[in-house]
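**Q** So the chains spell out like this:
Protein chains: 2
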Amino acid sequence: MASKETQSRIISRSIELYNQHGTRNISTNRIADECAISRGNLHYHFRTKEEIIQAIFSQIDKEMEEGWHDDYLHPTIEHMHLMFSRSMKMIWDYRFFYRKLTTLLHNDPHLKIRFMDNRRKRVKEIAAFFEAMLDAGMIEVKKGQVEFDSFILISWLISDQWLPYLDMNDIELNEESVKKGFDLIFQILELYFTVKAEQVNATTATGQS
Amino acid sequence: MASKETQSRIISRSIELYNQHGTRNISTNRIADECAISRGNLHYHFRTKEEIIQAIFSQIDKEMEEGWHDDYLHPTIEHMHLMFSRSMKMIWDYRFFYRKLTTLLHNDPHLKIRFMDNRRKRVKEIAAFFEAMLDAGMIEVKKGQVEFDSFILISWLISDQWLPYLDMNDIELNEESVKKGFDLIFQILELYFTVKAEQVNATTATGQS
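From first to last, the protein sequence lines stand for chains A and B.
Numbered according to numbering that gives the first Met the number 0, the first sequence spans residues 0 to 208.
Numbered according to numbering that gives the first Met the number 0, the second sequence spans residues 0 to 208.
Derived by calculation from the structure, the hints in this document are not laboratory data.
All values reported here derive from a predicted model rather than from experimental measurement.
Incorrect hints may appear among the rest.
Since the list gives no way to pick out one identical chain from another, each pair is judged satisfied if it fits inside one copy or across any two copies.
Said to hold, decoys possible - Straight-line distance between alpha carbons at most 27 Å, and here's what the computed BS3-like set of lysine-lysine pairs gives: (1) K3 x K48; (2) K3 x K141; (3) K123 x K111; (4) K195 x K120; (5) K141 x K179; (6) K3 x K195; (7) K88 x K141; (8) K48 x K179; (9) K178 x K111; (10) K178 x K123; (11) K48 x K195; (12) K3 x K178; (13) K120 x K88; (14) K195 x K141; (15) K111 x K195; (16) K178 x K48; (17) K179 x K120; (18) K88 x K123; (19) K3 x K179; (20) K195 x K123; (21) K141 x K61; (22) K48 x K123; (23) K195 x K61; (24) K123 x K3; (25) K111 x K141; (26) K141 x K48.
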């Protein structure tokens, strides 16, 4: 098996195992066994568990870099639904990561720097998207509403801390319970939609997932 | 020093040390040294770090049991401010606990059972308070607003996960940054106030902290 192929196999098997059992319960030896490669071979690619998790984060980062940068070109509710599904899928696919986010970042300062770099970019992209939604007259902050900055803050908080919250409350992690967090964010966001946004959405609703 | 006195001294010194350095960095030996008692004496009172943390939680639990049960008898915005300050003080006083809540509960199943028992009681009390606020015409759910259940859920989420969120974003923990989480909750809650509630509040505003 070519070196690059082995590497990507280690990564995808690690994601599966971590999602199932958590990072604490899965040793690098176990990953080697499950990939049917020698421990030496695994060690050649990744010296530590931290390196595996960093490689997984690189994959997350790459997915976001490639897919999330031109959202501001599509300022519609329909596109926003797509953005939500995309984030939800990401959190589900890498649930071990988002589940223990605080701990993982706390234990690996290098990962934390990279995560926060990525986060700054995402915050800018999301700000650009909502800027475009405002410009297009799709959202507006009505009198007496929660300031939009506060809303964005609440959204990040729900999205980052939803999985730990589910764990704490012994709620089973599945696609439905993960989606509930996004439904919450959407419920607040909806309050900012303009009549125009609803109309545009109604005409394209048939194409909406 | 009497046995009970020693015990309460161990607890209060532990809270201070945990708040300053985190539970991971403070051994029971260190606590014994800081209390100027022998390690054997500490061990006589608390066999493990978990037992100390459980004793601290008993103190949290007791404070809540004593002070929080008759909120529903005071359905006013003024009293709600008091409830907010009280929760904020609690989270600040025991910040080590709320900072690592998920991890602490994950590591000690017995603590988790007790925490969730306490939580169920608090949820009931808060529901009773808001029930009373509705009955007294102080809050109402206006058309197009986020359902009140969702609001309550968002509030718990912000209140439980605010300290981990501050840590993750490298925001310094101080009374001001802790207060910001409660301001967020209040911003949403405000949307449900009725005109009557605002008027009652205005007449008592001078006495409000």
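**Q** Would you pick out the hints that fail for this structure and give their numbers low to high?
**A** 2, 4, 6, 7, 8, 11, 12, 15, 16, 19, 21, 22, 23, 24, 25, 26
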